[in-house]
Amino acid sequence: MEIFTENYFETGAIILFGIGFVTLMLHSNLIKKIIGMNIMDTAIFLFFISKGYVTNKEAPIVVDITKNPDSYINPVPSALMLTGIVVAVTTTAFALALTIKLYKHYNTIDLEKILEMREES
Amino acid sequence: MIKKDIILKEVGKIIIPLVQIFGIYIIVNGHLSSGGGFSGGTVLASSLIIMHLIYGEAYVEKNIKKETLIKFISISLIFYAVVKGYSFLSDVYNLPHPALGPVGKIFSAGFILYLNIVLGILVASIFYIIFSIFISKEV
Amino acid sequence: MIKFIPLINILILILFSFIILITKKEKNVKLMSFASNIITFLLSILLLTRVLLEDFIVLNLGKNNSLLGIQFYIGSSEAVISLTFTFVMLMILWFSNSSVKKEVSEIRISFFYILINILLASLLGVIYSNDLFNSYVFIEVSTLSACGLIILKDKKENIKATVKYLIMSTIGSGLVLMAIAYIYSITGHLNITNINEVIVSSYQSHQNAVLIILGLFTVGLGIKSAVFPLHSWLPDAHSSAPTPASAALSALVIKVYVFMLIKILFRMFTYEIVNSFIIMDIILLLGSMGMIFGSIMAIFQKELKRMIAYSSVAQMGYIVFGIGLGTISGTAIATYHIIGHAVTKSSLFLISGLMIEKTSSKKIEDLKGIGREMPITLGLFTLGAFSMVGIPILPGFISKWYLSLACIEVGRVPLILIILASSLLNVLYYFPIIINGFFGNENLDGKIYKSKKIELSRLIPIFFLVLSIILVGAFSSKLINLF
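Chains as they are written, first to last, in the numbering used here: chain A, 1 to 121; chain B, 1001 to 1139; chain C, 2001 to 2483.
One thing to keep in mind: the hints can contain errors.
[Stated by the list, open to error] From the derived model, a few chain B residues whose C-beta atoms are all more than 10 Å from chain C:
{"no.": "1", "residue": "ILE1021"}
{"no.": "2", "residue": "SER1074"}
{"no.": "3", "residue": "LEU1077"}
{"no.": "4", "residue": "ILE1078"}
{"no.": "5", "residue": "SER1132"}
[Claimed, not checked] Using 27 Å as the maximum straight-line C-alpha spacing, the simulated DSS-like pairs for lysine-lysine come out as follows:
{"no.": "6", "chain 1": "C", "residue 1": "LYS2164", "chain 2": "A", "residue 2": "LYS32"}
{"no.": "7", "chain 1": "A", "residue 1": "LYS104", "chain 2": "C", "residue 2": "LYS2003"}
{"no.": "8", "chain 1": "C", "residue 1": "LYS2164", "chain 2": "C", "residue 2": "LYS2102"}
{"no.": "9", "chain 1": "C", "residue 1": "LYS2155", "chain 2": "A", "residue 2": "LYS101"}
{"no.": "10", "chain 1": "C", "residue 1": "LYS2164", "chain 2": "A", "residue 2": "LYS104"}
{"no.": "11", "chain 1": "C", "residue 1": "LYS2164", "chain 2": "B", "residue 2": "LYS1066"}
{"no.": "12", "chain 1": "C", "residue 1": "LYS2030", "chain 2": "B", "residue 2": "LYS1084"}
{"no.": "13", "chain 1": "C", "residue 1": "LYS2155", "chain 2": "A", "residue 2": "LYS104"}
{"no.": "14", "chain 1": "C", "residue 1": "LYS2362", "chain 2": "A", "residue 2": "LYS101"}
{"no.": "15", "chain 1": "C", "residue 1": "LYS2156", "chain 2": "A", "residue 2": "LYS113"}
{"no.": "16", "chain 1": "C", "residue 1": "LYS2030", "chain 2": "B", "residue 2": "LYS1066"}
Think of the hints as simulated: they come from the structure by calculation, not from any bench. By construction, the Cβ of each residue, glycine as well, lies at the ideal position given by its N, Cα and C atoms.
With the sequences and hints as input, model every part of the structure.
Put into structure tokens, the structure is as follows:
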């Protein structure tokens, strides 16, 4: 049990990932699936960024004087995740555009009903 | 659609320039503190979106046409690709590059400042075009 | 200067695609995309000759900072694969010169060329890069451009296929990113060579973590390359896309992820470490099930393109099977099959596109007797199908032969039965098309000889592809010794 409470960042990230995944799989409304995808991606970013945290150090912003590099947290994961966030936003935009198109064709955004309609046509 | 309310218009006249200045501040400070092209571009795009929502589509179309935005996008993309390639080559072959000044000043860190500005324009234009396509329902 | 060719390749493709964005005339658009792809192809030839001399090239971008910088590593397998990909893409573009107009509406034609350029640039990026995060970025770009290519044709089934593909790909990318986060937290490096050094010396203390990382990478990259249980997006996506796009997707895109899996499994974690975990047996099992189930599902299909798409699932099973054997020869076969399948499957898709266009129907039963109407086309299809099935000299047979030899080398002889069974199943679904096309009197009744002939100029790219199939088969021993 101590493992879970000591690394609370990672535990929180995994729980969020689980919530996002379940939302993606179980709901049949497309908008809820997109929300689930977003929660999943955010959980992974949290997991990665928390790997850069060093206790009791501060954020790597130069205020007036540059300090010793040892007194800052590791900035590499944050910089890498910036790209990841942009990719997640782009995927969300694309998925939303597809949802609008699906609505125009089928007049519903319920994925199960859409699959049924496909079997008939 | 949205009633052209007079309170919104008057408040908008004051707020939207402030939002844009904030966006430019975030972009220019990309290499000193958090921010950079992506987040600053998003804030600039949100100012354009607010303008679209308050003043209606015709007003924004008159001043910022879609073709101009697409030209902005392609020119900034080409500029970005060329400068990125140049920066990679200049590190190896010692070609000239902008100042790597002291830490903490604005004109430091070589290419990052100019790339951030170009990125900000790019992101703002792209988000505004996506929004206008969504809201006109002709995806 | 030759050292910079990978960077120049990717930059030229991306630069030209952005220039196409502001070009208005269609003729200029096609000219530019052609020019960029020809330049890329010639540069890949140069790259291959240099790599054959020097054994591998490492290109550091940024000031030689291999701890955090971007690094491109080109060994012999990467150079050959990049040559194949640029060649196949050039042929697909040549073919699409005349057939894009028929499937995609006028205003979107320039988007097709833009997306093809970006797709090729990102695939080359994944192949060349030696850096985990760099390859992640290129994987995402390739996913998005592949989805864009499917949605160019504006029908209902396309939209559904794209939604499925997009959601499953995002889950895959998420798992890959989580695996990268795990590796970063254990070793503190992101560069494959550095991680290799750290892992070899210290993996004993992290057994569980390494198992989780291997599992996450396999599942994540497996979703994107249509490994057996996670392949359900593939038939819809590849059968409803416009023909040149589905040729590009099926021949190039799914291969790149499994090549990255090869890089991770065997270059990052060495052969000994990976063989000591149970994950190799699972990969072997999934590969064999993929081979059999893909072929079985292909027999029951009624549409031509869906059948070829299911055949892609089966062929990916071969490659995964080769990886799962866990020896150097197994991996060499897998890489050889990547190249062989790329040329074969693209020519099959392009030919089927021609046949569908001339008979205006997608179903297989409407292709009866087509041998009399389009003899040359069906002849080329026969060559491709022979290679898939495993007739000697052609690359399909060579992959199966060497896979069986590798099975014996590992000591698991019963696996040869699976290879034989899937070859027989391949016969069951390819040969009816050929037989019904050429023979059978009631089929040939009423069809006029060469009535639906295609102009030779459109067939030339397919000629080249089929020629390369034969060449790849003939020079196979030389290629395999390279890997």
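Straight-line alpha-carbon gap A:LYS104 to C:LYS2003, limit 27 Å: 51 Å, violated
Satisfaction of hint between B:LYS1066 and C:LYS2164, Cα-Cα up to 27 Å: Violated, at roughly 31 Å.
Pairwise hint evaluation, A:LYS32 against C:LYS2164, where the allowed Cα distance is 27 Å at most: OK: C:LYS2164 and A:LYS32 at ~15 Å, within 27 Å.
Distance restraint between C:LYS2164 and C:LYS2102, which requires alpha-carbon spacing of 27 Å or less: 26 Å, holds
B:ILE1078 and chain C, when compared Cβ to Cβ, separated by more than 10 Å: 5 Å, violated
Non-interface label on B:ILE1021, tested against every C-beta of chain C at 10 Å: 30 Å, holds
Distance restraint between C:LYS2155 and A:LYS104, which requires alpha-carbon spacing of 27 Å or less: The given pair, whose Cα atoms are some 12 Å apart, holds under the 27 Å limit.
Restraint check for C:LYS2155 with A:LYS101, where alpha carbons must lie at most 27 Å apart: 10 Å, holds
Restraint status (C-alpha distance of C:LYS2030 to B:LYS1084 at most 27 Å): Since the Cα atoms of C:LYS2030 and B:LYS1084 sit roughly 26 Å apart, the hinted pair holds (cutoff 27 Å).
Straight-line alpha-carbon gap C:LYS2030 to B:LYS1066, limit 27 Å: Between C:LYS2030 and B:LYS1066 the Cα gap is close to 24 Å, so the pair holds against 27 Å.
27 Å limit on alpha-carbon distance, applied to hinted pair C:LYS2156 and A:LYS113: Between C:LYS2156 and A:LYS113 the Cα gap is close to 14 Å, so the pair holds against 27 Å.
Status of the stated non-contact between B:SER1132 and chain C (beta carbon gap over 10 Å): Holds, because the least Cβ-Cβ distance between B:SER1132 and chain C comes to about 17 Å, which exceeds 10 Å.
Hints 2, 3, 4, 7 and 11 from the earlier list are contradicted by this structure; the remaining hints agree with it.
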